[in-house]
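Protein chains: 2
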Amino acid sequence: MPEASAPRPGDAAPPSVCRWAVLMEYDGRDFIGWQRQPVDSLISIQGLLEGAARKLTAGRNVPSITAGRTDAGVHASGQVAHLDFPADVTLSSATVRDGLNFYMKPHPVVILMARPVLPQWNARFSANARAYRYRILNRAARPALEVGRVWHVKSPLDVSLMQQAASALRGRHDFTSFRATACQARSPIRTLDQLDVRREGEYVVIETRARSFLHHQVRNMAGTLKLVGEGRWAPERVEQALAARDRRAAGPTAPPDGLCLTEVGYEDNPFTR
Amino acid sequence: MPEASAPRPGDAAPPSVCRWAVLMEYDGRDFIGWQRQPVDSLISIQGLLEGAARKLTAGRNVPSITAGRTDAGVHASGQVAHLDFPADVTLSSATVRDGLNFYMKPHPVVILMARPVLPQWNARFSANARAYRYRILNRAARPALEVGRVWHVKSPLDVSLMQQAASALRGRHDFTSFRATACQARSPIRTLDQLDVRREGEYVVIETRARSFLHHQVRNMAGTLKLVGEGRWAPERVEQALAARDRRAAGPTAPPDGLCLTEVGYEDNPFTR
Chain A
1 MPEASAPRPG
11 DAAPPSVCRW
21 AVLMEYDGRD
31 FIGWQRQPVD
41 SLISIQGLLE
51 GAARKLTAGR
61 NVPSITAGRT
71 DAGVHASGQV
81 AHLDFPADVT
91 LSSATVRDGL
101 NFYMKPHPVV
111 ILMARPVLPQ
121 WNARFSANAR
131 AYRYRILNRA
141 ARPALEVGRV
151 WHVKSPLDVS
161 LMQQAASALR
171 GRHDFTSFRA
181 TACQARSPIR
191 TLDQLDVRRE
201 GEYVVIETRA
211 RSFLHHQVRN
221 MAGTLKLVGE
231 GRWAPERVEQ
241 ALAARDRRAA
251 GPTAPPDGLC
261 LTEVGYEDNP
271 FTR
Chain B
1 MPEASAPRPG
11 DAAPPSVCRW
21 AVLMEYDGRD
31 FIGWQRQPVD
41 SLISIQGLLE
51 GAARKLTAGR
61 NVPSITAGRT
71 DAGVHASGQV
81 AHLDFPADVT
91 LSSATVRDGL
101 NFYMKPHPVV
111 ILMARPVLPQ
121 WNARFSANAR
131 AYRYRILNRA
141 ARPALEVGRV
151 WHVKSPLDVS
161 LMQQAASALR
171 GRHDFTSFRA
181 TACQARSPIR
191 TLDQLDVRRE
201 GEYVVIETRA
211 RSFLHHQVRN
221 MAGTLKLVGE
231 GRWAPERVEQ
241 ALAARDRRAA
251 GPTAPPDGLC
261 LTEVGYEDNP
271 FTR
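Just so you know, the sequences run in chain order A and B. Going by UniProt numbering, the residue at position 269 of the first sequence is 269; the numbering climbs one at a time, nothing skipped. Going by UniProt numbering, the residue at position 189 of the second sequence is 189; the numbering climbs one at a time, nothing skipped.
Where hints are given, some of them may not hold.
Which copy? The list can't say, so a pair holds if one copy fits it or any two copies do.
As the list claims (entries may be wrong) - List of simulated lysine-lysine pairs, BS3-like, C-alpha gap at most 25 Å:
#1 Lys105 <-> Lys55
#2 Lys105 <-> Lys154
#3 Lys55 <-> Lys154
Since the hints were made in silico from the structure, they are not lab data. Just so you know, these numbers come straight off a predicted model, no measurement behind them.
Using the sequences provided together with the hints, build the complete structure.
Okay, structure coming up:
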């Protein structure tokens, strides 16, 4: 995901298609992630969505692009994608939503809202913000009600220390230390507009927002902040890890369970207009 | 569950046992309910708990009593039970909690806290309050993140009408119209200390509290209030249904998915002292 995300030539829908934006919620537990995979036995959210669109159009090809290609086990309450339906297929917003939801049953993936968009509107390249929530269940007992939806950390976390460490990561930085070694983004520079840590009873909640994130960036930040919360790292060490520009200088990658894509921002938001 | 719940002769632990109170969280989806069943293929929360206690004591018999015998599919975030361990088994609070949690794996049932209690303290008969939350997901799309944890109602609910209808049920009444026909309580009289309906975004949340409830009472109230929220029943009809003292006069039983036992109250609360 490049920092500058202006529409590119070729991103606009060709005149033969009718582009729809969809707002999605899913439980990432049972999926290998967003992206369709060559092996059919592995179920992806994209594969499920496009398969449902194919059924809804009696076998036509309906390609999709998403705002955030979430990894296996990562959830979404506000994911956005667009689908290019053949132009001769005319559907209402309710039919796109209900029809796709019907064909994606019984998988835990749903369309909350569907809206027709202009051909130059692009779920990925028109997005100017992504927001994620990372939830840690911080208590002795493993989760029963939130299995697969939280990172279970037994040792008590000091949230004020985590918040102090988080301040070093806010703003524009080279996030090489917090990016997956396999990350394909051209630049490691990102601007974190928000990174907050708060306690909500037994939960420690990390909220973060940026134009875009590097691969594993949120989970690597969560895994590092947890070390600070446990008292194993001084808050200052996070600033040093950032300055090192070396993945090995930061903490481990937190599990996907706790991560949820909560919102994608657009200047022209099809779901709020 | 009788309205008067003073300890009865025989409820106290015999001197040969050491009584422990446990605070529990569980996802009721995979269970036939709290109560142990004669058929072993059906998993109950009680069966799982007593089975774990048996393993923790190398095969000893450890009977349990709960504050609320939840039905199949009903969840708990604050259930309370007591366990009578043989007096010669000495365990710490952390060992009771962690040991039971270990042996209940991988089922979605956990002990949040374990505390030794006096022999006359009884999880069921010492309880002076039960609080339940009933959650309705009120939107077009079926749930993806909260599958099995909410009642999905598509038609928009008017919460102010539901709240208006709820006021007729608060206080001391004969709840025959809202009690399961199979309910075994001697008296249909109960005192509802709280019954509130509020909207939280896409959710409609019903919170209720009483010394005790009749069988299916909360789900029957939720199923009836939903008819009011949909505009199919005028709020006044709920008062009439109550006055009828006839199960057929009230609305249908709401599904167990939305129900969660959130708290059990005690004058002598072992978990807060």
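Checked hints:
Within a single copy, Lys105 and Lys55 get their C-alpha atoms as close as 12 Å, which meets the 25 Å cut-off; across copies the closest is 40 Å, which misses it. In this assembly of identical chains, Lys105 and Lys154 lie within 25 Å of each other by CA distance solely across copies; the values are 16 Å between and 36 Å within a copy. In this assembly of identical chains, Lys55 and Lys154 lie within 25 Å of each other by CA distance solely across copies; the values are 24 Å between and 46 Å within a copy.
Hint check: no violations occur; every hint is consistent with the structure.
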